[in-house]
Every structure is written in C-alpha cells, then in structure tokens.
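**Q** Okay, here's what each chain looks like letter by letter:
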Amino acid sequence: DVKVTQSSRYLVKRTGEKVFLECVQDMDHENMFWYRQDPGLGLRLIYFSYDVKMKEKGDIPEGYSVSREKKERFSLILESASTNQTSMYLCASTAGTSKGTNTGELFFGEGSRLTVL
Amino acid sequence: QKEVEQDPGPLSVPEGAIVSLNCTYSNSAFQYFMWYRQYSRKGPELLMYTYSSGNKEDGRFTAQVDKSSKYISLFIRDSQPSDSATYLCAIATLGGFKTIFGAGTRLFVKA
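For the record, the sequence lines run as chains A and B. Note that my numbering gives residue 1033 to position 109 of the first sequence, counting from 1, and the numbers run on in steps of one. Note that my numbering gives residue 16 to position 6 of the second sequence, counting from 1, and the numbers run on in steps of one.
Check each hint, because a few of them may be wrong.
So the derived label-pair ranges between C-beta atoms look like this [stated by the list, open to error]: (1) Lys977/A / Leu56/B: 27 to 33 Å; (2) Gly940/A / Leu21/B: 38 to 44 Å; (3) Arg51/B / Leu1041/A: 18 to 24 Å; (4) Glu13/B / Glu1029/A: 16 to 22 Å; (5) Thr929/A / Asp88/B: 33 to 39 Å; (6) Lys981/A / Pro18/B: 25 to 31 Å; (7) Ser79/B / Ser931/A: 40 to 46 Å; (8) Arg933/A / Ser38/B: 37 to 43 Å; (9) Asp975/A / Gly64/B: 34 to 40 Å; (10) Gly64/B / Gly940/A: 51 to 57 Å.
Computed cross-link-like contacts, DSS-like style, restricted to lysine-lysine with a CA-CA straight-line distance of at most 27 Å [as the list claims (entries may be wrong)]: (11) Lys981/A / Lys995/A; (12) Lys12/B / Lys77/B; (13) Lys979/A / Lys927/A; (14) Lys994/A / Lys108/B; (15) Lys979/A / Lys995/A; (16) Lys927/A / Lys52/B; (17) Lys108/B / Lys12/B; (18) Lys108/B / Lys80/B; (19) Lys108/B / Lys66/B; (20) Lys108/B / Lys977/A; (21) Lys52/B / Lys937/A; (22) Lys66/B / Lys52/B; (23) Lys995/A / Lys108/B; (24) Lys52/B / Lys979/A; (25) Lys995/A / Lys977/A; (26) Lys52/B / Lys942/A; (27) Lys937/A / Lys981/A; (28) Lys942/A / Lys981/A; (29) Lys52/B / Lys995/A; (30) Lys12/B / Lys979/A; (31) Lys979/A / Lys108/B; (32) Lys52/B / Lys108/B; (33) Lys12/B / Lys981/A; (34) Lys108/B / Lys981/A; (35) Lys77/B / Lys66/B; (36) Lys108/B / Lys927/A; (37) Lys52/B / Lys981/A; (38) Lys994/A / Lys979/A; (39) Lys12/B / Lys66/B; (40) Lys927/A / Lys977/A.
Simulated from the structure, these hints should not be mistaken for laboratory data. Beta carbons are placed, not taken as given, at the ideal position from N, Cα and C, and that holds for glycine.
Generate coordinates for the entire structure from the input sequences, incorporating the hints supplied.
**A** Okay, structure coming up:
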C-alpha cells in the first residue's frame, strides 16, 4: 500500500521559531509537493521538487524554504514562523517520467496542523 | 478571478439523495480533471479523473466535464453517511507539474 508519511500531525510553535515539517514517501516517486490548506482557499502550492536537490517555487513560497537531500524525503522549513502561517500543511508525491511531468494522481500524507502563537 | 471556482457549502442531504457537486474553471488549457475526497483530519485521496468531455462512471459516482462551458461536476447516487467528506475538484495540464484545486465542498449525508 502506497504511503506518504508526515512526521508531525499537530504542532504548536511560537512566533519567530524555526519549524521543520518532514515528509517521507515509499513509492519511489520523482515529484514531491508541499501545499497549505486554509478554509475557503483550498490547497495552495508552496514548493515542489522534481528530483533530489531540485526545487521550484509554487504560488506562495514567501516565508518558506524546502530541502530534498534524498529522493524519498522532502522537508518544509519555516525560517521564522509567523501567525499567518498557522495552517494545515499537506505533503504529496506523484510519479513522473521527466522534469515536472506527472501522471496526475497526487498521493497525500495525512497533514500537519501547525499553530503559531 | 480564481482559476477554479467551487462553492464551499456546506451541503447537507438525507441518506439516499442524489448529490451534485460543481466547479467552474477559467483556462481552456487544462485537460485533466479530477475529484479528490478528503475525510476529516485526513489528506485528500483521488476519487475520479477524466481527460475528456462527457461522463465517466464508477459505481455510485459520475464525473462530468463540459469543456465548452468550462464546467465540471460530480454526481453521487444513493448517497450514504460514509460519503460525508470534503470534495475537491482539481484541474491540471497533461505533462505539467501543477494541479490547481478548488476550495472544496463540505458534504454531510444524514442517516
């Protein structure tokens, strides 16, 4: 059974803290994504990666960075957390045959709900 | 204008009802149309997808795409309480990396 695992389901952090959200997939997928989900706004793409050490900005990259040192692992980093980054963060992966291409189906983790006080 | 518009609901129906969920999109370049289902405190999972205009049926679910109107729909027949979830429409370009999601419609099916 395919799996995307997000290490932290619930986090509470203080303004200014550095936050790491970890995601691991066991499907040997090339492409990995970080979305945030907010009521009324749906899922918005923060960053994605189509290969190890490669990353591309999504629609809302400000305040975030990412790291992909190994194919199966994609980390989202909040350098200095702010209250407007309180949200549900969803990691996803999908297979691809070359840079950025995908088969369409995104496999999601269960999400990490972050609260910044 | 958002690229995908979806009424967030909530939508509440009795068990056994036919449910209609809808989205509109603005860019005709999108060719790949999907519906994801998201249960509470879970990540979304792909429910149905289609590449073309017309209907695609899978059990109690039917996905419908009208490219001329840029309108996509999901119909659920004989709805069950287990169908209670948020349904997200999504569009993408074939071969591209970007999937764009609607805001999601929250559905409640009452027993």
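**Q** Hint by hint, which ones does the structure fall short of?
**A** none
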